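Colleague: Residue strings, one per chain:
Protein chains: 2
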Amino acid sequence: MTIKYISPFKPKKFIEFIPKNLNIYTFHAGFKRKKNDLLIIRFKKPFRISAVYTKSTLEAAPIKWDKNLKSDFCEVLIVNSGNANAFTGVKGLKEINKYITIAAKVFKCKKNKIYVSSTGIIGEQLDSNLIISKIKLIKKTKKTGLLNAAKAIMTTDTFPKIIKEGININSHKIDIYGIAKGSGMIAPNMGTMLSYIFIDTKLNKSEIDFLLKRNVENTFNSITVDGDTSTNDTVMLFSSNHDNLNYKGKRSKLIDLISKKLEKVMSNLSMQIISDGEGINKLIKVNVVKAKSKNQANKIAFAIANSILVKSAINGEDPNWGRLIMAIGKTLEKIDPAKLSIKIGNQKIIFKGNKKNFKTRELIKYMKNKKIALDIDLGVGKYNKVVWGNDLSHKYLEINSEYSS
Amino acid sequence: MTIKYISPFKPKKFIEFIPKNLNIYTFHAGFKRKKNDLLIIRFKKPFRISAVYTKSTLEAAPIKWDKNLKSDFCEVLIVNSGNANAFTGVKGLKEINKYITIAAKVFKCKKNKIYVSSTGIIGEQLDSNLIISKIKLIKKTKKTGLLNAAKAIMTTDTFPKIIKEGININSHKIDIYGIAKGSGMIAPNMGTMLSYIFIDTKLNKSEIDFLLKRNVENTFNSITVDGDTSTNDTVMLFSSNHDNLNYKGKRSKLIDLISKKLEKVMSNLSMQIISDGEGINKLIKVNVVKAKSKNQANKIAFAIANSILVKSAINGEDPNWGRLIMAIGKTLEKIDPAKLSIKIGNQKIIFKGNKKNFKTRELIKYMKNKKIALDIDLGVGKYNKVVWGNDLSHKYLEINSEYSS
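Residue numbers (the working numbering), protein chains in the order written: chain F, 1 to 405; chain D, 1001 to 1405.
Worth flagging that the hints you see were computed from the coordinates, not collected in a lab.
No experiment lies behind these values; they were computed from the predicted model shown.
Hints are not guaranteed to be accurate.
Straight-line Cα separation of at most 30 Å, DSS-like style, residue types lysine-lysine; simulated pairs [said to hold, decoys possible]: (1) F:Lys334 - D:Lys1010; (2) F:Lys348 - D:Lys1343; (3) F:Lys213 - D:Lys1091; (4) D:Lys1356 - F:Lys34; (5) F:Lys292 - D:Lys1299; (6) D:Lys1334 - F:Lys94; (7) F:Lys55 - D:Lys1205; (8) F:Lys368 - D:Lys1032; (9) F:Lys111 - F:Lys202; (10) D:Lys1032 - F:Lys294.
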C-alpha cells in the first residue's frame, strides 16, 4: 500500500478525547508494516453493548464469535486492522479463542465479556501470537485516547474518524463518543466496516437495541462507496451501565433526547466515512422524494448512487442526467414518467416529465463543486430517502488494483 | 466523442454479407457528427418478427412504439444511432409517427409493419426531419450490406458486430445472419443495446418466440459491462416467412437444429459485445456451478461480474480472491463455506472451504492473460451459470466522463 492520496474532505484538525470510563491502548502488532494496527479497550466497569453486523452470508470469524457470546455486557474490546480474519474457517475462530483466553487472564474477566473485530485483507489466516504478545505488555503500556484508537483501526482510510457530542439533561451532561473506519467496500448493510460508539449513561437492553436500530437506517445504511458489502461490517453501541441518570421526566422522553444526539453522532461518522471513500473527488447526495413505498425510495436512491455510469459522469463533471433516467428505469420500479421531476443542484432538469430549458453553462459550472446534489421527485407517494455516495475516480482504480499484491 | 481507444479483442478482419431478402441502406443523417447513423432495411417480402426488450420501466419511445404495433410482421426496419429517443415523452412518440408516416408512403406498406429502434444519448428530442430527408432519398440510394448496417448502429463501439452461420438441412441451406451494437450500459435484461438476427426460413409465431426466448437467457442476458441497463435494449429475430423448408422429419427436430445454430449466432454476438465493453482490457468468465437454485447461481455470478472491486482488481492483474468471497457473501445467499471451492484459471484457491497452497507466482502470471476465468463451486446443488464480464479500466472512466458534454 503505497498510494499517496488524501481525501479532499479530510478535516484540517483533529481533537483527542479521553472518555472517563475507558482505558485505551494501541499497538503496532505487525499486521501492517508500520502503522498501529491493534486497539484494545479495557472498560473500567462493564458496559452494556448492542451491535449490528454485516448481512453478508460469508461473515468473518470475529462476527461469528461476537454473535455467539450470549452476553449483553462488554469489559474488553479488541480490534485489529490489516487482517480481516474472514473466510478463515474453524482456524479463524480458534485463533480468536487463543487471544481471548489470554486476554481473559490478563484482564481478569470472563471470556464472554470480550468482544472482537478485525478489518483488512480477506482470506489470510490471522496469527493470534501478534495480538497475544501485545496483550501481555498491557500493564507496561501507556493509555491513550480515542483519536489514537481511530487511527489504529484504519486500513485504506486517509484520515481517522472521530466525533464527540454532549447532551445536557437536568444539569447533568451525557457524553457520546464515536469512532469509525471505512473507505472502500462500503454499502449497506452495513454502511461502515467498523464503528464503536460510547454513551455515558445507563440504558437497559431494549433501550440500547432500539437506539442503535432506529438510527442505523438513515446513517450507516444510507451511504455507499462501491456497492460492495464487507464480510466484517460492525457497528457497536456501548453504554456505561453504572452511570444511572436521575431523570425526573418520562423515560421515553429521555430516550428521545438521546436518540436525537446519537443520530447526530452516527450521521457524522457516516459522513466522515463517505467523505473518505476510496479515491473520492466529489460527494454525491441522492435525495429521492415522494416514492410510493420506502422500498421504492431506497431502491431508486441506491441504484443512482451505485451506478458506475452515474459515478463516472460526476467524476468527469458531466451533467449527464440521462444516466439518472437509466438508473431509475433499471430498478424495474414502476413509476409515472409524467410525474417525475429531477433537479441537479438548483437547476430543474425535468419537471413533471418535461425537460426544462435549464442553463447549461450554470449546470456545467455547478458540476465543478465538491458536493453534487441530485433530487429525484417521483410525485407518487410520501416516502423519501437520502443516500450519500461518491464519484468513481482513477484513484479508486489505482487503490483497488494494488491492494493485495 | 474524441476518445481514441480500440478494444484489444477487435477482430482482424470483417466480412461483408448481402442477405438475399434484405435491401439495406445506410446514411449519415446528422445525429452523429461524421459517421453513418441511420440504417433502413426494406424487407423484400414481409418477415415474421419476434422481439425481446429492456425491462427498464423508463423504456424509450421506440420500444413503446414497437410493442404497440400489434403485428407479427415487419416490412421495414429503421434504426438510428446518436439519439436514443428516450425520456422524450409524448413528443418522442410523435416524432416516430412522423417519420413512420413518410416511410409508409415511400415504401408503400402499412405503418404497423415498420419497426424502429434508437440508440445514443438519453433525453434529447429526436428530430424526425433528419430521418425523413433520408427516407425520401431512398430510391436514389445504393443498397449496401450487413457490415455497413452494423457500422451505422454503433455508438461507443470500437468495432461492428456481425456474424453469419449456415445450417444444412435435407440438402437445403438455411442462413442465419446477425448484427449487434453495444459497449456500455450493458447488463440484463437485455445484454445488449441492439441486435437484429435474420433467419432464412419460415417459422410460425410460437416457433420464433420459442427460439428467441430459449436462447436469450444464456447469451444476451449473460453478459455485463457495468451492471447498468439501457432504456433502449432490443433483440429482434426475423424469419423470411416466404422461404418454406420442405422438411421430411419431425418439425420439433428441425426447430432443435435451428435453435442450436441460433444459439451459436446469439452467443457469438454477445461475446462480440462484451469484448468491446467500454475501455476493456480483459474478459472475465465467471462460472458458478452446483448452486442450489438457478436464481442463486445467477445472483452470485452477476454479483462477482458486476463488483467494482473485483473488476478493478482484475484490471490491476491482482489475484485478490478475497473480493470473490465478499461478492458471494453480499448476495445474502446462504451457502455453506465448508463446501465452497474457488479456482482462478487452473489454480485451486479454495477447496471445500480450505485455502490451498497455490502457486502465487503462477497465479500472478495468469492474471496477465487477456481472459480470466473465475470458477466458483458452491457444492450444494445442480444449477450452473456462466456470465461474461470485463474489467474496469481508466479508459472506461475517461469514456464515461466525456460522453455527453
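Colleague: Confirm or reject each hint.
Modeller: Each hint tested on the structure:
no.	hint	verdict
1	F:Lys334 - D:Lys1010	38 Å, violated
2	F:Lys348 - D:Lys1343	50 Å, violated
3	F:Lys213 - D:Lys1091	47 Å, violated
4	D:Lys1356 - F:Lys34	28 Å, holds
5	F:Lys292 - D:Lys1299	26 Å, holds
6	D:Lys1334 - F:Lys94	23 Å, holds
7	F:Lys55 - D:Lys1205	46 Å, violated
8	F:Lys368 - D:Lys1032	27 Å, holds
9	F:Lys111 - F:Lys202	23 Å, holds
10	D:Lys1032 - F:Lys294	41 Å, violated
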